[in-house]
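Using the sequences plus the hints, can you model the full thing?
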Amino acid sequence: MAKRSAPEVNAGSMADIAFLLLIFFLVTTTIEVDSGISRKLPPIEDVEDPPIIKQKNIFTVLINKDDLLLVEDEVMEIKDLKEAAIAFLDNGGGTGEEGCDYCRGKKDPASSDNPDKAIISLQNDRFTSYKAYIAVQNELVAAYTALREREAQRLFNKSFIQMEKDVKDGSNYTGDKEKLKEQIEQVKLLFPQKLSEAEPKK
Amino acid sequence: MSKFKKKKGGDLPAISTASLPDIVFMLLFFFMVATVMRQNTLKIQNNLPTANQLEKLDKKDRIIYIYAGKPSERYQSTFGQEARIQLGDKFADIKDIKLYIESERAKKNEALIPFLTTALKVDSDTNMGLVSDIKQELRKVEAYKINYTTRKAVDQAQVFENMN
Numbered sequence: 001m002a003k004r005s006a007p008e009v010n011a012g013s014m015a016d017i018a019f020l021l022l023i024f025f026l027v028t029t030t031i032e033v034d035s036g037i038s039r040k041l042p043p044i045e046d047v048e049d050p051p052i053i054k055q056k057n058i059f060t061v062l063i064n065k066d067d068l069l070l071v072e073d074e075v076m077e078i079k080d081l082k083e084a085a086i087a088f089l090d091n092g093g094g095t096g097e098e099g100c101d102y103c104r105g106k107k108d109p110a111s112s113d114n115p116d117k118a119i120i121s122l123q124n125d126r127f128t129s130y131k132a133y134i135a136v137q138n139e140l141v142a143a144y145t146a147l148r149e150r151e152a153q154r155l156f157n158k159s160f161i162q163m164e165k166d167v168k169d170g171s172n173y174t175g176d177k178e179k180l181k182e183q184i185e186q187v188k189l190l191f192p193q194k195l196s197e198a199e200p201k202k
Numbered sequence: 203m204s205k206f207k208k209k210k211g212g213d214l215p216a217i218s219t220a221s222l223p224d225i226v227f228m229l230l231f232f233f234m235v236a237t238v239m240r241q242n243t244l245k246i247q248n249n250l251p252t253a254n255q256l257e258k259l260d261k262k263d264r265i266i267y268i269y270a271g272k273p274s275e276r277y278q279s280t281f282g283q284e285a286r287i288q289l290g291d292k293f294a295d296i297k298d299i300k301l302y303i304e305s306e307r308a309k310k311n312e313a314l315i316p317f318l319t320t321a322l323k324v325d326s327d328t329n330m331g332l333v334s335d336i337k338q339e340l341r342k343v344e345a346y347k348i349n350y351t352t353r354k355a356v357d358q359a360q361v362f363e364n365m366n
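If you read the sequences in order, they're chains A and B. Following my numbering, the numbering of the first sequence begins with 1 at its first residue and continues without gaps. Following my numbering, the numbering of the second sequence begins with 203 at its first residue and continues without gaps.
It is possible that some hints are incorrect.
Chain A side only, calculated, beta carbon under 8 angstroms to chain B, not exhaustive [claimed, not checked]: (1) D34; (2) R126; (3) F127.
These are computed hints drawn from the structure, not numbers from a lab. We treat Cβ as the ideally placed atom computed from N, Cα and C, and that holds for glycine.
As structure tokens, then:
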């Protein structure tokens, strides 16, 4: 007599089980990556004899408790902040060694000497809302990025944002990565981010 | 005589579904690999502000999260309406931040410590006072790299809306 083959296990419900698992993972998945504005905090140490900074090299941005903006002692709307910051950073009013040959600003002697000296000072109240603070930070970073973008275009004929992207996840980038990093540093050095934050006033 | 007669005639043969489990498994594996489980249950309202000058925070193993905001509704009876800090799964005080950062650091690979970033996930309606206190604490433990986590703004107008 021929041996009877073992009965086959019914695999019809396998798909159901797999679907169940699939739905579970679909629901729990968060693929999106967090993103935000990166900042570096200053070390806490007290500096003895802080360097004297000329008043004209400081760009004061103040956000009060009602989220109103006071820039250089004048009320300003947030939409004008970026332009004002660019005008300040790009001023290049210094002469001789303190000059700035790549600045395209008005060279107003009453404004900043050169981008290296220009400091943006951000002050806020304890009751300023966080979203207003982020909006201001965003505009100031945008001002720096716009200027760096301009210099990157002038020096390397490349987009600064694209350069940073290439360095970060540059698996598709075919050129010399080290060179690209150097170029980014070079552009950053032309417009260094000097953002000082005062402790909020009580 | 056989029990199973071969059908004859115009009936279309049924489409074989034998490979359906394979397809589903393939999808399943994709999602299993891509899944990052939510690490912390949020006990606070966390409506992030919007911005458009963003940097991506990839490399999840190099991030320490600090949440802040008003307690969500079910916790308001016990914790009140004032904005609070949440570290891990628990509500915490300002002074707990130091310990939390240090314990998180101890969990990570030593080589990664200089690259650790503290991501501040703060609700948009929080007062800056609390955020400044957090920043002050972070400076004390030398966690200088921070990131204000935000949502991506659709357009510039959405960023400006933050001011009203």
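So, going through the hints one by one against the coordinates:
1. D34: 4 angstroms, holds
2. R126: 3 angstroms, holds
3. F127: 5 angstroms, holds
Of the numbered hints given earlier, the model fails none.
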